[in-house]
Amino acid sequence: NAGVTQTPKFQVLKTGQSMTLQCAQDMNHEYMSWYRQDPGMGLRLIHYSVGAGITDQGEVPNGYNVSRSTTEDFPLRLLSAAPSQTSVYFCASSYSRGPPYEQYFGPGTRLTVT
Amino acid sequence: AQSVTQLDSQVPVFEEAPVELRCNYSSSVSVYLFWYVQYPNQGLQLLLKYLSGSTLVKGINGFEAEFNKSQTSFHLRKPSVHISDTAEYFCAVIPYNQGGKLIFGQGTELSVKP
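Listed in order, the protein sequences are those of chains A and B. Anchor point for the first sequence: position 29 equals 29 in the working numbering, and the numbering is continuous, going up by one each time. Anchor point for the second sequence: position 101 equals 101 in the working numbering, and the numbering is continuous, going up by one each time.
Chain B extracted, bound-state conformation (with noise of 0.2 Å):
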C-alpha cells in the first residue's frame, strides 16, 4: 500500500519570504510524484511532477520540487511568495503499476500575509 504525508497542515508566511512545503510518501514501487494546487472555492491545478530524469522539477507560478528517492521525499519550494499563492497545496503519488489512482496527502495551507 501506499501512503503520502505532508508534514505541516498550516503554513504561514509573510510576502516575498522563502517558503518550503513538505512531503514524504511510502511506497513498496516506485511512484511518479505530483503537486496539486487549490485557490479558494475551485478546483484542483497541476503545478509540476516528477516523472523520471532530473530530480529538480521547475512548475508554474515560479514553484519547483525536488524528488530525494533515499528520503522519499518530494518537497516544494518558492523562493519568493506573493499574496496570490495563499492556497492549500496537495501532494500525490501514482504508483507505477496502478496508472492514473492518484493517493493525496491531507493537504497544507499556505497563507500568505502582506
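Only chain A is shown next, with the shape it has when bound in the complex (with noise of 0.2 Å):
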C-alpha cells in the first residue's frame, strides 16, 4: 500500500512551457485534491475532484487544468508556466462519504518557474 505517490519530486520550467504533475492513489478514495503552499500562505486549494469524471475548481484555479479517468489517477496540467507558478504542490486524498474526511498527503513536487 503505497498511498498517495507524486512525479516528478522537483522539476525546473521556462516560462511559457508546459507540464503534468502525477498524483496517483491505491486506497481507492474517491476524493483527490491539489493542493499549492506558498510561504506565509499556507495550502491553498487548486482543483478537486469527488469521484471519476467529476472536478471541479478550488479557491486559486487559474493557469490549471485537472481531469480524473480513474479513480486512481488525478493529475494536474499548467498549460503555460508563469513565474507565479513558482510553488510547492501537494496532492490529497480520502474517503469522501462521511467525516472523518482525513485526508492523505503525498510527498510533494517542488516546482520551479523561471
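If you're looking for bench data, these hints aren't it; they were derived computationally from the structure. Be aware that one or more of the hints could be misleading.
[Unchecked claim] A few chain A residues that don't get close to chain B, going by computed Cβ distances all over 12 Å: (1) VAL12; (2) LEU13; (3) SER18; (4) GLY63; (5) ASN65; (6) THR71; (7) PRO75; (8) ARG77; (9) SER80; (10) LEU111.
[Said to hold, decoys possible] Reference listing, derived: stretches of chain A covered by chain B, where coverage requires no fewer than 3 residues with Cβ under 8 Å from a Cβ of chain B: (11) 31-41; (12) 45-52; (13) 90-96; (14) 99-110.
[Unchecked claim] Quick list of simulated restraints, FRET-style, between CB atoms: (15) A:GLY63 <-> B:THR5: 25 to 31 Å; (16) A:GLY63 <-> B:LYS69: 34 to 40 Å; (17) A:GLY51 <-> B:PRO12: 42 to 48 Å; (18) A:MET41 <-> B:SER28: 18 to 24 Å; (19) A:PHE10 <-> B:GLU109: 20 to 26 Å; (20) B:LEU7 <-> A:SER69: 38 to 44 Å; (21) A:LYS14 <-> B:SER70: 51 to 57 Å.
A quick note: this is a predicted structure, and the numbers were derived from the prediction, not measured. Glycine is no exception: its CB is placed at the ideal position from the N, C-alpha and C atoms.
From the two separate chains plus the hints, produce the assembled complex.
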C-alpha cells in the first residue's frame, strides 16, 4: 500500500512551457485534491474531484487544468507556466461519503518556473 | 465563507518546555477541525481532529487540542516538547456542508532549541 504518490519530486520549467504533475493513490479514495503551498500562505486548494469524471475549482484554479478518468489518478496540468506558479504542490486523497474526511497527502512536487 | 487564522507565524521554545500554538476560525456553518504537521521537506501528516463529542482531543506524539465553540478556537498544546517536534504546524477546517475541502491557516513554525 503506497498511499499517495507524486511525480516528479522536483521540476524546473521555463516561462511558457507546459507540464503535467502526476498524482496516484491506491486506497480507493473517492475524493482527491491539489494544493499549492507558498510561504506565509498555508496551503490553498487549486482543484478537487469527488469521483471519476467529476472535477471542480478550488480557491486558486487559474492556469491549471485537471481531469479524473480513473479513481486512482488525478493529474494536474500547467498550461503555460509562469513565475507566479513557482511553489510546492501537494496532492491529497480521502473518503468523501462522510466524516472524518481525513486527507492523506503525497510528498509534494517542488516546481520552479524561471 | 470560512477562514482560519494562526496567530503566531513562528514559535521558538526550549526543549522540555510547554508550548501552545493558537488557531482561530471564522465560519457561518459548523466545521470539523484538524491539526496537521509538516516536517522539513515532507508532506503533511494528521496530528489530531475534532469531529464531535469531547472538546479535548488527543493526537499523536503527545499533542492535544481543545475546541472552544464560543471563542471559535482550536489551540494545540504539548506539555513538554522535544527537538524532534521542530516542524511547521497547520490548523485547518472543513465546513459541514463541504465534505473534504480543507481550508488551511497560514502555518506556525515551531522551533525547539536545546
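The hints, checked one at a time:
no., hint, in the structure
1, VAL12, "holds (17 Å)"
2, LEU13, "holds (20 Å)"
3, SER18, "holds (25 Å)"
4, GLY63, "holds (20 Å)"
5, ASN65, "holds (19 Å)"
6, THR71, "holds (15 Å)"
7, PRO75, "holds (18 Å)"
8, ARG77, "holds (21 Å)"
9, SER80, "holds (27 Å)"
10, LEU111, "holds (15 Å)"
11, 31-41, "holds (count 5)"
12, 45-52, "holds (count 3)"
13, 90-96, "holds (count 4)"
14, 99-110, "holds (count 9)"
15, A:GLY63 <-> B:THR5: 25 to 31 Å, "holds (27 Å)"
16, A:GLY63 <-> B:LYS69: 34 to 40 Å, "holds (38 Å)"
17, A:GLY51 <-> B:PRO12: 42 to 48 Å, "holds (44 Å)"
18, A:MET41 <-> B:SER28: 18 to 24 Å, "holds (23 Å)"
19, A:PHE10 <-> B:GLU109: 20 to 26 Å, "holds (22 Å)"
20, B:LEU7 <-> A:SER69: 38 to 44 Å, "holds (42 Å)"
21, A:LYS14 <-> B:SER70: 51 to 57 Å, "holds (52 Å)"
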